[in-house]
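There are 2 protein chains.
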Amino acid sequence: MEAEIITIGDELLIGQTIDTNSAYFGQQLGAIGISISRKTAVSDKEAAILGALTEAFSRVELVIMTGGLGPTKDDITKKTLCQYYGCGYRRDEDVLNHLEGLFASRGRLMLETNRVQADVPALCETLHNAVGTAPGMWFDTNGKVLVSLPGVPGEVYHLTEERVVPRLKSKFPLPTVEHRTLVTLQKAESLLSRQLESFEASLPAHLSLAYLPSFNQVKLRLSQVSPSSASTKDIDTYFQQLQEVIQEDVFCLGDIDPALFLSNYLIKNNITFTTAESCTGGWVAHRLMQAPGISAVYPGSLVAYANEVKQTELGIDDRVLAEFGAVSEPCALAMAEGALKKFQVDLAIATTGIAGPGGGTKEKPVGLVYIAVATKHEQFCKPFRLFGHREQIIQRSSNAALWMVKQVLKMPPDSVV
Amino acid sequence: MEAEIITIGDELLIGQTIDTNSAYFGQQLGAIGISISRKTAVSDKEAAILGALTEAFSRVELVIMTGGLGPTKDDITKKTLCQYYGCGYRRDEDVLNHLEGLFASRGRLMLETNRVQADVPALCETLHNAVGTAPGMWFDTNGKVLVSLPGVPGEVYHLTEERVVPRLKSKFPLPTVEHRTLVTLQKAESLLSRQLESFEASLPAHLSLAYLPSFNQVKLRLSQVSPSSASTKDIDTYFQQLQEVIQEDVFCLGDIDPALFLSNYLIKNNITFTTAESCTGGWVAHRLMQAPGISAVYPGSLVAYANEVKQTELGIDDRVLAEFGAVSEPCALAMAEGALKKFQVDLAIATTGIAGPGGGTKEKPVGLVYIAVATKHEQFCKPFRLFGHREQIIQRSSNAALWMVKQVLKMPPDSVV
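Heads up: the protein sequence lines correspond to chains A and B, in order.
Those letters in the first sequence? Residues 46 to 462, per the numbering used here, in order.
Those letters in the second sequence? Residues 46 to 462, per the numbering used here, in order.
Chain A with its partners taken away, still in its complex shape:
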């Protein structure tokens, strides 16, 4: 089954807002066997919305629409849908009650522009939006379903998971889709694809492999589509083969952020950690502290940008800085050891390097980064020659740090699934 997405809003077209909702829908609908065949973004104009909607319904029977439901006057989705369906408005009492409660609880004044959010096209059912002001709307006419949602991501997640997905499952007969995903870091898509050539050729028709690259990271997703609730034996067998082919490149299994995977591993194994960061400026710590419950293993950490902070806070010897400089293996190792002692943890990660754009020399060019990992028993340090802009070098450094921690801890890729 296929569906299309229509996103509405000049802010998407003039480029002030990045559309993250569409990717979310791809994931959520994909998981229940509905594939998105097209996404269209149009402006807040009646003709544009009507055109896109008519075209989409000429191709598919399900359209998900977001945006244009706010209280400001450029938001015209509801008016346009009244026109499309040839109906008027009705005031939805449930929505109105919800709005009144919401404004009262936040101590905010309710304006007429807010009250108008309870007026919906007469032909739709409203989908209760517990986390926002604009309700979702469900239209089901002539076998074609339109779901219209507000554009605010948090509201989209809530409405999709609580209201839309259950309804879609009971409305349409859907196939069973299974995915198995693994994450690789730091290896180019082209190299992976060459390694996996014969594996891909060996896949039966109901299995497919997708390369899902993002910056300095490729997720590999194996998918199996079956007409009913079929066995998952095939996909698991092939997923095992996939791991065997690219063994050493697998950071972790699952469709998960690798930093979150590592954080969960640290929590589960009660390994306390900290970071002492120079060039990455707190980015490694920030990536590792997103997991709920991280406070059990993470007392805090230090950004040591200036040499004086490296000296006074981490006890880096003057002679290390004088002889080798801050961007050096001895300094990285001393930073990790200093942080280990300071925060009294099991593991410390240190970064020191030149993220650019300025500060590079012939001996120590932009992109040279030393990463050290210290435990109570061992210390490791590796130099990296990374390329790209400032933010890219910072991101590559953080990925290199994740790999080093994985290796030091001998973390298996399926440790926390």
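Since the list gives no way to pick one copy over another, a pair counts as held whenever it fits inside one copy or between any two copies.
The calculated BS3-like cross-link candidates involving lysine-lysine, where the alpha carbons are at most 27 Å apart (straight line), are:
id: 1; residue 1: K189; residue 2: K216
id: 2; residue 1: K189; residue 2: K90
id: 3; residue 1: K386; residue 2: K313
id: 4; residue 1: K123; residue 2: K232
id: 5; residue 1: K90; residue 2: K232
Quick caveat, the hints were computed from the structure, so don't treat them as lab data.
The structure displayed is predicted, hence computed values, not measured ones.
For this one, chain A is given, so just place chain B on it according to the hints.
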């Protein structure tokens, strides 16, 4: 003049990649008077690409296409474009030379899948991609221009700014577009829109106001479209009026991230700063340290998650923690003062609160956050009652911290333009 964007890639539809390129094109083309009227994302299938391209050229004369130019076999844009234009391939020697140099410099083995990137549809001109492997392609037939670019964001930025924008400017007669943008934080779009109702009604036809909301922030963009290089007097007059209407809500002028604006102000005024963060876990520091040159005013900072770290690193008195707890005004103030002394800076920001999802009590619910700002002469602290998920509370806290610093420093909104 209008253009459409077509993005190609199953990864966009299944939702593993968030499309940031489209927003970028909206900004870049908008700035030279080309507005994006529609964006369409389609899968890596010939029929889908051909369909979207044919439809787009039935509406506009300029189409920008991204993606599907990688070396893996699901990337079929070039093949499809050969079919659309009825031409074969040619091997581009400049591209081949560039590829050989690039692989040699990175010490990577060049594969035949990489060499194939020098084969392009015979009808196109290639656009030299100095930062990647796949060249851009420019097709100009029957007055209709198609620009095909790789999907990697860094390559898109390079090719657009260095190759595409200059060519578009010389190819098409474009109007002059001027924008003036300001940033507000923490105020709802509906409240702003109500305040600005009569201002909006007073705008002449060639001026327009756009609300560009993102999480906990609204940018207001005033735009003026003129047929030739007209005076900017009108837009400046109205922009001044706009600021007068919502005076106290203006964080800064310019289309700029407010944290970057503040960082630049600190650098320019040589105000050294640090942070001591509990519930925001380094997010405030990370937002403030993105500016190149920040090392001049930023020695480093501390994440003090655990109470012991607050005590040993920031000198928080046991009695403060025992009597008031870590989430309290006395603790936030002591954290800021402790960080000020520790890092010997002019200004310190401290955060302590309950980001959730766990840890809330009746007296101290999830979302209660104390933010303190200390200078050598003064200390300020304010409690905030923030709502939303963990990440939302962290982001709202960081915005609240930016506001507090702005007020303490009496930073004018136009200080670094």
